[in-house]
Structure formats: C-alpha cells, structure tokens
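Visitor: Take the two lone chains, each set in its own frame, and fit them into one complex as the hints suggest.
So the sequences go chain by chain: A and B. Numbering follows numbering that gives the first Met the number 0, in which position 190 of the first sequence is assigned residue number 189; successive positions increment by one, without gaps. Numbering follows numbering that gives the first Met the number 0, in which position 22 of the second sequence is assigned residue number 21; successive positions increment by one, without gaps.
Read the hints as simulated data drawn from the structure, not as lab findings. Watch out, some of these pointers could steer you wrong.
Unchecked claim - Just so you have them, the derived chain B footprint on chain A, three or more residues with Cβ under 8 Å: (1) 279 to 293; (2) 322 to 329.
Claimed, not checked - Facing chain A, a subset of chain B residues (Cβ under 10 Å, in silico): (3) G162; (4) D180; (5) A194; (6) R196; (7) A204; (8) E208.
As the list claims (entries may be wrong) - Far from chain A, by Cβ distances over 10 Å, these chain B residues were calculated: (9) G72; (10) R96; (11) L124; (12) H143.
In this text, all values refer to a predicted model and were calculated from it rather than measured experimentally. Note that the Cβ used here is the ideal one computed from N, Cα and C, for glycine as well.
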Amino acid sequence: MRRLLNTLYVTTQGAYLAKDGEAVAVRVEQETRLRVPLHGLGGVVCFGLVSASPPLLAACAEQDIGVSFLSEHGRFLASVRGPVSGNVLLRREQYRRADQPEARALLCGCFVQGKIINARTVLRRFLRDHGDSADAPAIASAASSMADMLDRVARATTEEQIRGIEGEAASLYFGVFDGLILTRTRDFTFTTRSRRPPLDPVNCLLSFVYTLLAHDVRSALETVGLDPQVGFLHRDRPGRPSLALDVMEEFRHWLADRLVLSLVNRGQLNPKDFKRSGSGGVVLADDARKDVLVAWQKRKQEEVLHPFLDERMPIGLLAHTQAMLLARHLRGELDAYPPFLWK
Amino acid sequence: MYPESDLLPVSALQHLIYCPRQCALIHIEQVWDDNVHTALGNILHERVDRPGMERRRGVRTEFGVPLRSLALGLAGRADAVEFAADGPCPVEYKQGRPKRHGADHIQLCAQAMCLEEMTGRAVPLGVLFYATTRKRQTVELDEHLRRQVRETAMALHALVATGITPRPEPGPKCKGCSLADRCRPGTFAQGGRSAARYLAQARRAVRDEDARPGARDNVPDGIPDSVPKGTRDGARDIDMPPAPRPPHPPRQEDD
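The following block holds chain B by itself, in its conformation from the complex (with noise of 0.2 Å):
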C-alpha cells in the first residue's frame, strides 16, 4: 500500500509505455510542451473534464470523476463513469482512432482498478471513445490486463523513484511527441553528440586559422571523455526537501 503522499498521476502509466523518457520528463522533470495532438486532445477534454452529471435511461453519469488507489500508488480523474444498476463503469475518451499498443486499455483498466478499490464494487468492462471514429469500444477487463496495470504503476514507481532520465531511444514514436524538441532523440542518445570532441574540433580549427605551422601538435583535450564518476550518486531520492529559494537580490551587476 502507497501512503497517498507517493501517488502519481495515471495518466502516467501511459506516458510510459510510449516512452520511458517521455514519462520521466514530464514526471521527474515536470516539463510539457503542446503540439497539435495534445492541444486536440485537450479541447476534446474540456467538455468531460468539468465535474458535474446527467441521468439518461435510468444510468447516472458522473464527469471529472477523482480516482485513486492505495494498492496501485495511483491518483487521477476519470473522463466519466456511468453507474448502472449492475455496476460502476469508467468511460474514457480519446483524441484519434483505435491504437494498437494498449496503453488505453491499461489507462481504462487502471481507472476500474481505482474504482473497485473506492467503491468495492466489481468493475468488470470499461468503455473506449475515440473522437475520430465516433465509436465505443467496450473493454473486458481480465486479469491479463490487469497483471499488466500492475507491472506498469510498480515500473513507474522505480522510474520516478530514480529521479534519473533516461536516455532516448529514438524511433517512429518520436515524430509525433509533443516533447521531441526538448528530449532531442538525436543529440543525447546513448552515442550521440560530444560536446568535448565538438570543442576539441573548434580548438583544431582555430590552430588551422592561425596557421603556424608544427608549433602546436597533439595539445590534449583537457576535458575529460566522460562524465566524472559519481556526480549522480544520490539524485536517488525523490522525496527530498525543496531546496530553499535565495531571496531575489537587490540588484543585478552587468558583468
């Protein structure tokens, strides 16, 4: 059980399963960038993210509805939840078509997950709308995807836990994601640019310039080819009191 301090967003389950680095950017690092898939999806949600309700049919259905559980370490809001008489059900509602990888189903099954746990009522199917074909998809809810809810919010934990970044792992994903400009797959994958071979490669330029022939060869680098060793240790622990905030100075020198 999470104490409800540790609980993250379930939005996050899915940020994860599109990208680790993606989740850890927008959870450890707490930056959001829009693009035109988020800001769609956005306007879609602004209708059903506003708390309230309406009865139709005899089912009640609840908007903006606040969820969390203890036993998944997951707090968030489900778009809907239409109480019928055989049960709650969580609906949720979705930018674009019907994806193949299925962090919307996990995204619906984590949402009856929470709502079992709150109401202790049985949550056995959960509904997908996506905007693009108009279409509810009903979800059964088996205990495949439930194992799967699970594996996901304790590997988001240990990622968040970190308080590391990973490093991208560029691919097809990275065209459509909101944060491309500020992950930048290409500069900071494992192998990617140097910033000491790049200030080494100025130096050598500026000794051609200068052109003084044979009077400086193999001059070292001075910086070193990695890292220096243990600069990371103990950026570990997530709970770490807010450093305090230096007042704002009385002035500001130019130079």
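Pulled out of the complex, with its shape left as it was, chain A reads as follows (with noise of 0.2 Å):
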C-alpha cells in the first residue's frame, strides 16, 4: 500500500533548503533550523522568499518529491520536478481522448458529477447539523435542484451542455454558501466569489486552500505520467493546469471549503488575520497561513472509505488514486472515470 507521505511547507522569510545527507535542512542565517529525512517526504512547498540548493532539488527529483515555489500569499510560481516521469504511450492517449468529442463527453460528465454529488452532500450534512438555521430553506432547496442538475448530466451528450449545468450548479452553490457560515458576527461573509483578487477574507481563505490543493493533485497527476495541462472540463490554455482543475472539481466543495468553513465557524481565525491591500484585495497574515496548512496538513491524515475501491485511505492519498483510476481509464481498463463520491 502506498505511503502517505508528508508535504514540507516552509513559509519563514528567507530560509534556504540545503541537502544534508539523506535529509533536507531547513536554515534561517545560516542556522539550521529543522531537519527532515527525504525518506517518507512526498513534496516540498516554499512560500515566498525560500531557496533551495542545487543538489537538494536533484535529490528530491531523483526520489520523486516536487518541490513547488508559491509567491508569499500562496500564488503558484513554479516547480522543480525531475525528467519527465511515466511514459509518453499515455500522454498520448491522453491527448487523443482529448481531441474527441465523444471521449471528452464522457469524462466531463464523471467530473461534474462527482462535483454535483459532492456539492450536494455538503450542503445536506449542514442540514442535517443545521437544519434550524434560517437559511436552511434555500439550501435545502438547492440541494434538491443538483439532484435535478445530476440527472441532466447523465443524459447530456455533449461537453457544452455539461459545462453548462456545472455552471449552474456552482452559481446555486455559492448563491447558498453564505448560509454555510455560522458565525454570528459579519466578519465574514460571502456575496460572490473573487479571486484575482479575492476581495473578502472568505475568498482569500479559499482561494489560498484551492492553492494547495491543486498542488497535490498536479503532483499527483504528473506521478502517474499525464499531463497536468492537457484537460476535458477546462478548455487547453496556455499557462493553465487544466486537468488539474478538472480533477479538484470532486474535492473543491467537501475538503477545502469545508475545512474553510470549519476554520471560519470555529472560530479559528479572526478578522486581524487578513490584511487588506490599497486595492481591496485580501491576504492572509503570517500566523493565520501557519494555522491554514496545520488544518490542511491534518485533515489529510483523516482516513476515508473510497466508495469505489471499497478500501480505506488517508484523505492525503485520494489525489494518487484518482489520477491513477484516471490513467487507467485512459489506457481502456475502465469504463469511465470514477470520481471520489465523499459520504
């Protein structure tokens, strides 16, 4: 059974990674700091100002651990990854799915229907917990309308009539996402969503968890040897990891958001913990990203049942298996993709 590996975040200002034996050293002037074995390490995140040293990057690449650089705020900059992995027999299939109508159907359909699925089971927990909340009507009722919108899914034959009925179904999510928090104060809130900027401190915490997801399952698509830029839901674009994104669509709504709300709800961060540019847009202080990828870090260890292998599995370990589930559709041993259906 595969390992969960841990994921090293370094977000002090001007650390620099170095190779120490088999082990990363984390020094900050010229003092080390930390250091963490290689062995059991799945990938490397530096925020903002961190270096890294040469012979580190080729040990992580030679032992298959990316190393991502994100600007301080979490915006992703680039990253380090050894000669290209798996085999190209793959990627070429994968982009000769990708060029046919029918194909890129399918998969669009299995995307968006574990996006709708797992939307809606969000928005039913909360119920079930919260079913006196005021704003518990509308949401029940918009979890009654994506049982509609799936269906549709299921008969549409084209990848616009999907890509349609996904956007519906994210405007009747987040047009109820405002009910999903609870805390009585109006520090947070959510009208609509913003990212480039985000303008509200919601958006930011979001945005920024989006951030680190979409790390993990890049790095896990491109373990498996596909093409994280080459996708089915998100059009090619240059620049943008499509398939990526098509992935995160069945892990956006139940893992990051919920653990926004549940940091949100909880109490855990306060208004002090965002800063606001002259522009409007909003970031995340220091101390509140630390509390971030703590929470992160920790509901990855949480073990789920994977509805389709029918096998437990830390969250931190879904990334990997549904890029390989993915792969293996691709290469004709399953008859369509299988998304993650959170219960």
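Guide: Written out as structure tokens, the structure is:
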C-alpha cells in the first residue's frame, strides 16, 4: 500500500533548504532550524523568499519529491521535477482522447457528476447538523435542484451542455454558501466568488486552500505520468493546469470549502488574520497562513472509505488514487472515470 | 538481429514469466515500487552489482558484467561471471530459495547466451546461488532451456511493441507482488468493477434520497457501457518520438 507522505511547507522568509546527508536542512541565517529526512517526504512547498540548493533539488527529483515555489501569498510560481516521468504512450492517449468529442463528453460528465454529488452532500450534511438555521430552506432547495442537475448531466451528450449545467450548479452552490457560515459576527460573509484578487477573507481562504489542493492534484497527475495541462472539462489555455483543475472539481467543496468553513465557524481565524491592500485585495497574515497549513495537513491524515475501491485510505492519498484511476480509464481498463464520492 | 536501440533488459524475461501485466507495468508504464522481497533483493545485490573482480584458485571472477545479445534483443548485467580455463560461467545471486517456476533458469540461460555471443565461446553451464539456502546450484544450459529463452524473448518484444498493458489475471502470485497496489487485480481484471455502474448507483441513491415519488424513473445513464471504440488505435508503436514537454507555466490559477 502506498504510504501517505508528508509535505514540508516552508514559510519562513529568507530560509535556505540544503541537502544534509539524506535529509533536508532548513537554514535561517546560517543556523539549521530543522532537519527532515527525505525518506517519508512526498513534497516540498516553499512560500515567498525561500531558496533551495541544486543538490537538494536533484535529490528530490530523483526520489519523486515534487518541489513547488509559491509567492508569499500562495500563488503558484514554479515547480522543480525530475525527468518527465511515466510514459509517453499514456500521454499520447490522453491527448487523443482530449481531441475526441465523445471521450471528452464522457469525462466531463464524470468530473461534473462527482462535483455535483459532493456539493449536494455538503449541503445535506449542513441541513442534518443545522436544520434550524434561517437559511435551511434555501439550502434544501439548492440541494434538491442539484439532484435534478445530476440527472441532466447524465443525459447530456455534449461537453457544452455539461459545462452549462456545471455553471448552474456552481452559482446555485455559491448562492447559498453564505448560509453555511455560522459565525454570528458579520466579519465573515460571502457574497460572490472573487479570486483575482480575493476581495474578502472568505474568498482569500478559499483561494489559498484551492492552491494547496491544486499542488497535490498536479503532483499526483505528474506522478502517474499524465500531463496536468491537457484537460477535458477545462479547455487548454497556456499556463493553465486544466487536467488538475478537472480532477480538483470533485474535491473542492467537501475538502477545501469545508476546511475553510470549519476554520471560520470554529473561530480559529479572526478578522485580524487578514490584511487588506490599498486596492481592496485581501491576503492572509503569516501566522494565520501557518494555522491553515496545519489544519490542511491534519485533514489529509484523516481516513475515508473510497467507495469505488472499497478501501480505507487517508485523504492525502486520494489525489494519487484518483490520478491512478484516471490513467487506468485512459488505458482502456475502466469504462469511465469514477470520481471520489464523499459520504 | 535487433538493433542496439531496441534491446530490452534481461530481467524483463523473469517479469514476463511471473506475470505479463507486471512486466508491462515495469517495462511499458515504467513504474516500480519496492516491497519487502524486492528490498531484500536490493540489499543482496549491493555487493555483486559493483563492477570489480577477484581471483581465487586460478578462477577469475568479474562482478557486475555488462552483457547483451543482438540475436535475443536483450541487454543487462550478470551478477558475476567466472572465467575458468574451460570457459566463462555466469553466476546469478537470488533472494530466497530455489523456485518451482523456471524463471531463474531462463534468466541465467539468457545471460549465458549473451556471453556466448559476446565472447564466441561456448557456455554450457551456469550457477544459481540462493541466499536462503546458501547453496550453489549448477544448471545445465540445454537446448530445451535455450528454446524457452528464445521464445520468451520474442514474446517480450511482442508485448513491449504493442505498448498495451494486459489486464490482470488475479492469482496467488499477486500476494508477493510489489506492484499489486498499482495493478489492482480485483478492480481492473476482465469483468472487474464498472465506473459507469458506480456513477449510476450514486445517481440512483441521490434520487432515492430526494424522494419525489414517481418523478424520474428510467433516466438513461448517458454513459456508454464500454470504452469508445478505436480509442486505443495507434498506441502500438513504441518508437514514437517523445511528446514535447510544455514549458512550466508562469503562474497557476486557483480555479
């Protein structure tokens, strides 16, 4: 069984990562603050002014440890990988399928069904726990409209129809999202999704956690030999990791959004954790970012039952599992792509 | 005669005999996971993989000897070759104890046939050394074994040329396989799980939960029962040029 490997997140500005024997040494001002064995490490994510030595990068590449560099606020900048992994035949098949309308529609349908089923489960879980909320009727009606949309996706034959339904489902979901925020104060409210830049703390948190999720999904796709840029639901656009975004759809609401909601609803973050720039964009303060990273790492260690494989596994392994299932579909061993369905 | 660019690893013969899917996962899909058996094998081979030589009682032994045969289309390394006065003799170190399937013998014989092609000398005998029993077993490399080597090598080239990984055929061998997690014999065997059915069941569960009686029965699935026809055509040529690697993006959107 594949082990869940840790991700090392480095947020200390000015840190330098070096190879120290079979470990990563994190140095700040010549002083070694931390040593982490490479064995057991699945990825390294560096925020802002963090640098790494070439021997360390080489060792990570050789051992399949992805190293990503993000801006101080979590925007993806670059990643260092070893030689192209996996095999060219699989990527060829991925490209061929991406060019076939039928195969595209089939995969779009799978991604979107996964997304809608999981979004609906998020709403129903809320109703189960907070049925007395003032927003409950609106949320219940959104959940039941999603059930209709699911059947429409299953009947749809073109990717355009499916994209249209996905858009409807997303606006329905974000239309009631504010109701899922339980804090009595109005410091955290949600009106609409904004991302470039996020204009309020909730959007800032969503964007940050989506970046973490994208890092994991992208690495997983590359590990099984798929090209993260050639997607099915998301159209090709230079610089866009379309396939990573496709596979993220089934994870966004139940994994990322619920993490944001629980941080906010449990009062683990407060308005002082956010900085507003002159332009109105909102960014996370350093300490709060660490809190989010710790919560994310903890969530990934929780075990879930994979309903398709009928096997328990840590949440942190799901991205790899889904990438593997997608690769096996492209290789012709599965009649469709089975999204992870959260129960 | 195979060109040098088409040579496959001698070790792939063993993988093919053990399981065609395992062989394809390793040599077509290029995946590898260690388990306890393979890790022990690695430790055992640390000594013998280092090229070098020693001389004892007039027999010169070379370690980590590179080998190839253009006739078989194979290349690899012998753990050791003893060069005695009467000719070279390959020695293969094996984890565990002698096994019933003939894979070890075939690998040894393939090494001998490589040695014959490269040195021009006959190699009638080889040696298997088993770590658990610590016994040398001398193997006579007869025509029957040689025919098996030639047939297995041809089957290996045919498999790799298709570029298609065969479906799993679950069996007792899956228990000891380090790739079982990648292979997932239960899920991907012929007649294994269907993702279309899994999604259809999930939709039915949603409909039942939503419980609006009689509203929506008989909704067609929209998902065909099989993989679209012809989608694997053309995936047969192993010598295709590598796809160009797109440059890494300057930045990544979050959604």
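Visitor: Flag every earlier hint the structure violates by its number, smallest first.
Guide: Checked against the structure, the only hint that fails is number 1, while the rest are satisfied.
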